[in-house]
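With the hints as extra help, turn the sequences into a complete structure.
Just so you know, the sequences run in chain order Y and D.
1 is the number of the first residue of the first sequence in our numbering; add one for each residue after it.
1 is the number of the first residue of the second sequence in our numbering; add one for each residue after it.
Keep in mind that the hints are not guaranteed to be accurate.
List time: in silico DSSO-like cross-link candidates among lysine-lysine, alpha-carbon distance up to 27 angstroms [said to hold, decoys possible]: (1) Y:303 / Y:224; (2) Y:306 / Y:224; (3) Y:288 / Y:67; (4) Y:203 / Y:224; (5) Y:252 / Y:306; (6) D:297 / Y:288; (7) Y:181 / Y:224; (8) Y:130 / Y:67; (9) Y:303 / Y:233; (10) Y:224 / Y:252; (11) Y:306 / Y:67; (12) Y:203 / D:359; (13) Y:288 / D:359; (14) Y:252 / D:324; (15) D:324 / D:297; (16) Y:203 / Y:233; (17) Y:288 / Y:303; (18) Y:288 / Y:252; (19) D:297 / Y:303; (20) Y:233 / Y:67; (21) D:297 / Y:252; (22) D:324 / D:359; (23) D:297 / Y:203; (24) Y:303 / D:324.
Please keep in mind that the hints were generated in silico from the structure rather than gathered at the bench.
From a predicted model like this one, the values you see are computed outputs, not experimental measurements.
Residues per chain are reported as follows:
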Amino acid sequence: MTSAATTSGADTSAVLPASVDAMLELLTSRGYLAERSLATVTYLSLRMGRPLFLEGEAGVGKTEIAKVLSAALGRKLIRLQCYEGLDVSSAVYEWNSAAQMIAIRMAEAAGDTDRDQLSSDIFADRYMIKRPLLQALEPDVAGPPVLLIDELDRADEAFEAYLLEILSDFQVTIPEFGTVKAPHPPIVIITSNRTREIHDALKRRCLYHWVDYPAAERELAIVKSRVPGISAKLSQQVVRFVQALRNQDFYKSPGVAETIDWATALSELDARSLTPQVVGDTLGALLKYQDDITRMQGDTLQKVLKEATSEN
Amino acid sequence: MAINHLAPEQTEQFADNIVGFARALRAAGMPVGPGAVIDAMSALQVIDIGNRADVFTTLEAIFVKRHEHALIFKQAFNLFFRASEEWKHMLDSVPLPDEAKKKPQAGSRRVQEAMSQPRMTETPQHQEQDLRLSVSDREILQKKDFAQMSAAEIAEALRAVERMRLPQAELLTRRQRPDARGLRLDLRRTLRASLRTGGDIVDIHRLGRIEKPAPIVALLDISGSMSEYTRLFLHFLHAVGDARKRVSVFLFGTRLTNVTRALRQRDPDEALASCSASVEDWAGGTRISASLHNFNKLWARRVLSQGAIVLLISDGLEREADSKLAFEMDRLHRSCRRLIWLNPLLRFGGFEAKAQGIKMMLPHVDEFRPVHNLSSIQELITTLSRPLPPHHRNLIRSAA
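Below, the structure is given as C-alpha cells:
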C-alpha cells in the first residue's frame, strides 16, 4: 500500500500517514474528529491493505470517514450504494448493447464476415459500461481510489457472496473479456447499519470496527466545528440533551448527524438556550419515529431538559 | 516500538502470547481462526505495541467480527493482559486458561435410547394384525395433543415433524435469471447468440425474476405452560431451517434469546442441546410484553427487513398484561409482512379469548391458528405455502 502511494508520484496524492497519531491528525485536519480507536483501525486498514468494515447505528459518521479519507489523501472516491437486488450489471459492468448492435450492422454493411473478428471487436473496452466496482480496480493517477461500499446490509446475500471474491483478490472476471486485476488494491470502506447480519466469511476478510456514539466531550467538539455560529452555552446544552436522550429507551436514538442537524436548526432559529417551546418545535430534527416523539411529550421532556440545562 | 524491534526471543514470547490469547477467546466461545492470529501478528508490526489502547483496538478489529462479542473480548483482554500499571506484562509468559468445560455429547440421548431396552418396538407376534394397527395408530397420532402423548408417541411425532418440509412460499426478487417465458429482453445473451449467425438475431433470450422463499422469523414461548410443546416446535423449526436458509428463531420466557445460530447445526440433537445451553430461563415465567419490546428494539430491523413472515408461538398467558403489550404487538405487526400467532390453547373447542393478554394481542395478528398436534402443524405448512394476500401492507417490498 505504501509503495502505491509513493510510486504514483502525483502531486495530488498525499502520503499515507505513518502512525496512528498521524492518522488522527489527518482526519482532524479535515474536520473529522475521530475517536482514537477509529483512527487506529483506519490506519491499520491502510497499512495492511485490508478492507475496513464499519458497523454501527445510523448517523454516527461511518460514511463520512470514506469521504474524509478520499479528500485528505487526494484520492478519487468511488461510491457504491447498496440496495436489494443490486447485481453485477449495476455494480460491476454492463455491455452497451445498443452500440454493439450498431457495430454489428456497420460490419455487415461493410461486408465483414469474419465472426471471430466481429466478436472480439464488439466485446472491447469501449463498449463496456464500467460500474463502481470495476472503476475501483482501474489504476488512477492519484493512487488507488477510496471505494465506499455503503450500507451493505441492504444488498442481498447473493451480492455479498460476489463481493467476497473481489475483496480477497481485487479482481473481476468478465467472460467475454478476461480478468481485470487492480495493480494496487483500492482503499475499501464497507458500512452496515445492521438491518441484516453480514456473513462471517466477508467480515473475516476485513478489519471490523463498531462505531459508537461519541462521548459528550467529543460530540461537543464536533458540534462546534460543524456549526460554527453556535454559542458555547447552547452547544453544551444541545450535547447534554442528546446524550441524555440516548439513555432513554427510544426506538431510534439520535446519531451525531442528527445532533448536528438539530444544532444547526436551533442556531438558524436564533435560540439562546433550550426551552420546552423551542425543543418541542424542533424535536423532529432529532427523533424520527412518531412513537418516540409522542413519548417525549410531558414529563420525559421536562426531565431530560432539566438534566441538560442544569448546572451551567 | 513495533514488534519487529524486539529481541528474537521476546518476539517469540509475544507470538506465543497472541496464540494463547486467541485460544482463550476461542474457549470463551468466539470464533477465532488461525488466519486471525496471523493477521494479528502482521498488524502488530505496524503499530506501537507500547500503547495498550492501540493494541486493544488493533486486536479487537481483527478478533471481533460481531458487535455482541465486543464485551467478551474486552474482559478477556483485560484478564489476559493484566490491566496493571505496566504494559510490559505483554512480554511475560501468561498461563493459559483452563479448557472450556466439556459439553455433553450431542446425540447422547439417542444413543442411550438405542442401547436401552426398547419398549415399543418389541417384535410383534402377528405381523398382519400389527400393520393394520400401526396405520390407525398413525391416524390417532395425527390428532393427538402433544401434551397427552407418551414418550414413545412423542418420539414418533418428532420423526414426523422432522420429515416435514415447508414448500417454498415464493417472493419475487429484483434479481433476474434466464427465463424463456420472462418479460424482459436479455440483450446481452441475445447479442452473443447473434454472433454465432454473423449478426442475425435468430433467438431472442429473455429474463424473468428470481423467486425466493420469504424469510421466516419464529418467536417461541418457552415458559412452563408451554413446556410440552417447546421441544417439538424446536424440532419443527430446526427442520424448517434445514430446508431454507433464512429462518431466524428466538426463544422467550422472561427474556429473549436468539438461537438462530445454535439451531443451524445439522444434527437436531446437537442443535437443541446448544439451544438450551444458550437459554437461561427455560420453563420459567413469561414476560411477553418485555420480550416483544426487546425484539422490536434490538432485532426487528435486523431480521424483518426483507419482508419476513413472523410466527409467534405462545399461549398468550401473560400476567402483566397492560397497554404496553398491545403497543408492542402493534409495532411487531407493522414491521413484518405477515404475523401468524400459533396458540396451543386453541385446541379446546370452546376456546374464548378471555385472558387479558390474549385479548390485547388478538387485534394485531393476521392469523390465529391452533398448533397442538401433527395435523395442525401440517395445516400451518399449507398456510405458509399459500400465495400471500394481495392487500397486505409492505407486500413484496422487493418486487416493487
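Verification of the supplied hints:
{"no.": "1", "hint": "Y:303 / Y:224", "result": "holds, 25 angstroms"}
{"no.": "2", "hint": "Y:306 / Y:224", "result": "holds, 22 angstroms"}
{"no.": "3", "hint": "Y:288 / Y:67", "result": "holds, 25 angstroms"}
{"no.": "4", "hint": "Y:203 / Y:224", "result": "violated, 35 angstroms"}
{"no.": "5", "hint": "Y:252 / Y:306", "result": "holds, 22 angstroms"}
{"no.": "6", "hint": "D:297 / Y:288", "result": "holds, 14 angstroms"}
{"no.": "7", "hint": "Y:181 / Y:224", "result": "violated, 44 angstroms"}
{"no.": "8", "hint": "Y:130 / Y:67", "result": "holds, 21 angstroms"}
{"no.": "9", "hint": "Y:303 / Y:233", "result": "holds, 19 angstroms"}
{"no.": "10", "hint": "Y:224 / Y:252", "result": "holds, 24 angstroms"}
{"no.": "11", "hint": "Y:306 / Y:67", "result": "violated, 37 angstroms"}
{"no.": "12", "hint": "Y:203 / D:359", "result": "violated, 44 angstroms"}
{"no.": "13", "hint": "Y:288 / D:359", "result": "violated, 30 angstroms"}
{"no.": "14", "hint": "Y:252 / D:324", "result": "holds, 18 angstroms"}
{"no.": "15", "hint": "D:324 / D:297", "result": "holds, 14 angstroms"}
{"no.": "16", "hint": "Y:203 / Y:233", "result": "violated, 43 angstroms"}
{"no.": "17", "hint": "Y:288 / Y:303", "result": "holds, 20 angstroms"}
{"no.": "18", "hint": "Y:288 / Y:252", "result": "holds, 7 angstroms"}
{"no.": "19", "hint": "D:297 / Y:303", "result": "holds, 23 angstroms"}
{"no.": "20", "hint": "Y:233 / Y:67", "result": "violated, 30 angstroms"}
{"no.": "21", "hint": "D:297 / Y:252", "result": "holds, 8 angstroms"}
{"no.": "22", "hint": "D:324 / D:359", "result": "holds, 13 angstroms"}
{"no.": "23", "hint": "D:297 / Y:203", "result": "holds, 24 angstroms"}
{"no.": "24", "hint": "Y:303 / D:324", "result": "holds, 22 angstroms"}
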